[in-house]
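Novice: So the protein lines, in turn, are chains A and B.
Residue 18 in my numbering sits at position 18 of the first sequence; the count goes up by one each step and never skips.
Heads up: take any position in the second sequence, counting from 1, add 305, and you land on my numbering.
By construction, these hints were calculated from the structure, which means they are not laboratory data.
Since this is a predicted model, take the numbers as computed values, not measurements.
Any given hint could be a false lead.
Said to hold, decoys possible - In silico contact screen, one side only, chain B against chain A (beta carbon under 10 Å); selected entries:
1. Val366
2. Leu585
3. Leu714
As the list claims (entries may be wrong) - Derived contacts from chain A toward chain B, CB cut-off under 10 Å, selection only:
4. Ala100
5. Arg102
6. Ala118
7. Phe124
8. Asn127
9. Phe233
10. Phe263
Stated by the list, open to error - Rough simulated footprint, nothing fancy, chain A against chain B, three-plus residues with beta-carbon under 8 Å:
11. 340–354
12. 489–498
13. 641–654
14. 745–754
The beta carbon of each residue, even a glycine, is placed where N, CA and C say it ideally should be.
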Amino acid sequence: MENFLQQTVNGLTLGSVYALLALGYSMVYGVLKFLNFAHGEVYMFGAFAGYGVLTVLGGPSALMVPVWAAVALMFVASMAVASGIGLALERFAYRPLRNASRLAPLISAIGASFFLQAAALLLFSANSRSYEAPELIPIDTAMTVGPIDVWAVRILVIVTAVVLMILLTWWVQRSRVGKAVRAVSFDSEAAAMMGIDVDRVIVVTFLIGSALAGVGGVMVGLVFGRIFHLMGFVAGLKAFTAAVVGGIGSIPGAMLGGLLIGFAEAYTTAYISSTFQNLIVFALLITFLLIRPSGFLGRPELAKV
Amino acid sequence: MSDIGVDRWVEESGDRHEQYSGWTAPARRLFDSIRPGWRLGGFVFLLALFPILAPQGTVRVGITALLLVMLALGLNVVVGWAGLLDLGYVAFYGFGAYFYAIVASDQLPAHWPSWIAIPVIVVATALLGALLSLPSRRLVGDYLAIMTLFFAQVFVELVRNFQRLPGISPDFDLTGGPNGITGVTPWSLFGFEFNTFNRNFYLLLALLVLLVVGLHNIDNSRTGRAWRALREDTLAAEHMTTPVNRLKMLAFAVGAAIAGLTGTIFASVQVGVFPNNFLLVFLITIYAALILGGIGSIPGAVVGAIVVAFAPELLRNPGTGSWLFYIGLVAILVGTLKKWSLVAGIVAGVAAFGFLVRQTALTIWDDSILGVANDTFVARIVDGWLLILGQHQDVVANYAFVLTVVGGLGVTVTKGWWRAVVAIPTIYLAILVWENKLALQPAVTRQLLFGGVLMVMMAVRPQGILGTRRVEIT
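So that you can see chain B by itself, here it is in the shape it has in the complex:
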């Protein structure tokens, strides 16, 4: 019935999309009915408005978001399509950034013009990626993952201690050690210098369009199909005469090249590079973006990266962070309970529990244990209900945090009424921890969030927000 060489999976994708269910189904069908070109066009149009409409100072955040989008797209090639768990990805990004910073600053006497530096760096990063993929010829998932993770670690160490390398003169500090490199010349093409945030934003947007179109075409090409075959079953693919090793190397090289290119822009926007830009934290951020959006899907990588880039910005300020927290809490409740009466019951339960705890605590001790509430709208409302602690705030919040985690795990294994019995104190404790500790430490909150996202998404929705569920054939 089908021609040889036609991808049945692609052919039948229309039928599968008919199977959407739930309240998001109409929206998703509508989304699918738009042609990919129009989808991209509309999206780019919306993004292009961002620097015009966004409040002052947030263009910088937009740039961070677009950088993350590019990185997530590159990672998607290696992890999403070829199925190779590359944990050294952030090192390619760092390599590109450092390479650009070195050739475009006073570190070396030679200032390379951008039109030479950028292609050279992209090719060099691709070669480095290909080199790192060599062990993948013999290694399966886990080994490859840990080896690349080690590579990322060693990269940061080399950059930090370059001048201590044996055989290198202590005066020759190519990477600037822990202080990094400053005074990097921004990108400059055809006499046009990308030295403002707005210009860089549109530069990134243009590159993003090229990248998305290019990747979309690769995805639907022979190579894209071969990568998918490789991901599903390497052994079978090899027996179908797919050149497995070459494809793995290509995936690594393409991913690395994208990361390297993004790195050059990062160095140019930041006008400097520092070893701490390329730590594990950032790798996890890229992974969280890709997995949240949907691994293996281009729109997924884009949307996931935008969400992940903006969430920490909201967290940074306790006011907006609180909105995010409480809306997230309600969204989780609504999403899991699916019935308004149950949601109302739980909320009432939490409120009653809160009053009970506060009254008990104030009877045993006195008002002196209370501290000052955060200066946010919601915090002032819950102040008369929650325990905002003065002294011992840290210790109590620590215990509350541990209990929240235990309670959260407990909710997943209890059923029926017991679940409500566990959930009500857990929600109360979560709010307690938020107001007493997390709201004040946005960096840690972000880490907890991203680590949690990876775990929860894998368990609940491995295909991400926009991905389609993969059929596992065993």
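Next comes chain A alone, as it looks inside the complex:
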């Protein structure tokens, strides 16, 4: 039972990260109807930005500022770097191909993903880095939830993710720009005719999606420690699966899907096999694509001529 609860917390942490990443996929897919393959790399650069800030501030054991300030700065820096890369991708890799054939932006996105991976390899070398979070926030700063102790960092991650998702939901439902995002993702041509600046909406979507990915990167660094130049690839695949499971284009769907994938992965690792967690997620993806391609909360896409 205790193990099960531990795994649940583990799944919740993982799931929060996947959900943040899945939101980026889902929102971009919503407005552009195209899959941003390079999203995982944006997340990876976010994680490295957090690491950079941590190093500049003196490293986890000799911080020059209070811990809370350091963590806040790491989040801010990762959001800035990630959204910078996201905006550059949108402007230079995708926007010129808005009216090209269907395959062109996808191929460009694969190229961008690969280019960013190689750039990270060049800049940071193939060695993995560690946030050494236990030195930052000691492992015994834990909160007791029922029979188990939950490390403060995990709580921080889960709470941050939940707060961000609530903010995002509020923003999409209530704010002017959020409504424009929904309108564009519902029907971009009609939205343009109603006077919505579609280009601007796309830019905002990339900005927010990438910032969330950056936050996810720092979270992974804090909880799981190791960051490296290939971390974005598999995480991106899983987050995409999460977006599909939840229903691509749907914001609550991405959150739900992320949590589901997180739980699936945590329980598989604990009870079935730690080697084949990717296989399980893959099986989940295939099942969903075949049985319910619109996911849990998505609306089925109608082919219009």
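On the provided structure of chain A, position chain B as indicated by the hints.
Specialist: Frame of chain A, contents of chain B only:
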């Protein structure tokens, strides 16, 4: 005016070729006037000379190139003709290679003779391809792409951890785990063993001819036209009673079969297979080959693959790599500026900027920051001009790299004089990064190059070097 069943697009292709413009137009018209059979014959003749004329040790590179050509041709069927973005392609290649390695080594007690193993593997890979295409009945581009990408990832993971699969005895290590399989028996047909590089080269060349002829005929057949219809508009094709699902499956199967066949040769040439041969890096290499050459075109796939196979070999050695870098730089300048006076102006600007930067840096700090130049001809020339750093080389090169990328992007959005103002420091920084870092890390440079090729080609010339621009009907 036209008969029913005659492909107008094909009929009128002659007229379209008349529309070539620019300085390459005469060459391209000449190329088009040669009959396809002669084109192939001449090309094969040139390739056949390669093992005779090439310096010692480069036949191996030629084999790599031909393997890549075959793979690009197979990928062209799926992506170029049928328009299905298959990112699991490298897994079929791996499947063929592993299958051959398993049945032709000591992994299993049974050593299959090649004439049994090869057909069985080709059929098995084709079936696997057909199986993977099943989801494509319901999926459009992006979903299919990510699903196949996941498949490729899972393939490598399965191969790496085969003995850990539940229900499999830990002693039975079919795929050899991360160490792969060694001691594979080479191809052997009619008592003739393909155990030298030269023999394998000619084997590949012969297979390539068969493949090109076969694919050329498929392209001009009913099936080829149906694939194109599918690519342009699946829904419309379906309404014209094209059997869409069967065609998708066929495209996947044909592509996979070609990849599987190539895989068996790869395993035989390398005398072993390792999981790292089938990673994403290689998939991107195949894509870069196809897209550089021209997606959907057979000559394009061939030429693109040869370029992509030889470029990394040149990069591997800083000497030849430098030539490639500087010639490429000049070619980009000439190609984009199109006026010699402008090119000269930019080059002079870069030279002046370089002296300025070097003098400033040496005034602020002193000579101790300087390091040793690379041992290449060009590097020795630019040594007195460029900053070749000793200490902090890595850090400075990192910042320079980021600034180069930013500058390169900036060049594309600025105009007129501003463009020159951005371009001059960017070129200088690019040279700085090259001499201080990239020349020393050919593997990373190659990855950057291929990723960049995919992006730049899509934006600038989506039809590739040899493709014809497609008319988008919306």
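Novice: Would you mind marking each hint as holding or not holding in the structure?
Specialist: Comparing the hints with the structure gives:
no.: 1; hint: Val366; result: violated, 22 Å
no.: 2; hint: Leu585; result: holds, 7 Å
no.: 3; hint: Leu714; result: holds, 5 Å
no.: 4; hint: Ala100; result: holds, 6 Å
no.: 5; hint: Arg102; result: holds, 6 Å
no.: 6; hint: Ala118; result: holds, 3 Å
no.: 7; hint: Phe124; result: holds, 9 Å
no.: 8; hint: Asn127; result: violated, 13 Å
no.: 9; hint: Phe233; result: holds, 7 Å
no.: 10; hint: Phe263; result: violated, 19 Å
no.: 11; hint: 340–354; result: violated (count 0)
no.: 12; hint: 489–498; result: violated (count 0)
no.: 13; hint: 641–654; result: violated (count 0)
no.: 14; hint: 745–754; result: holds (count 4)
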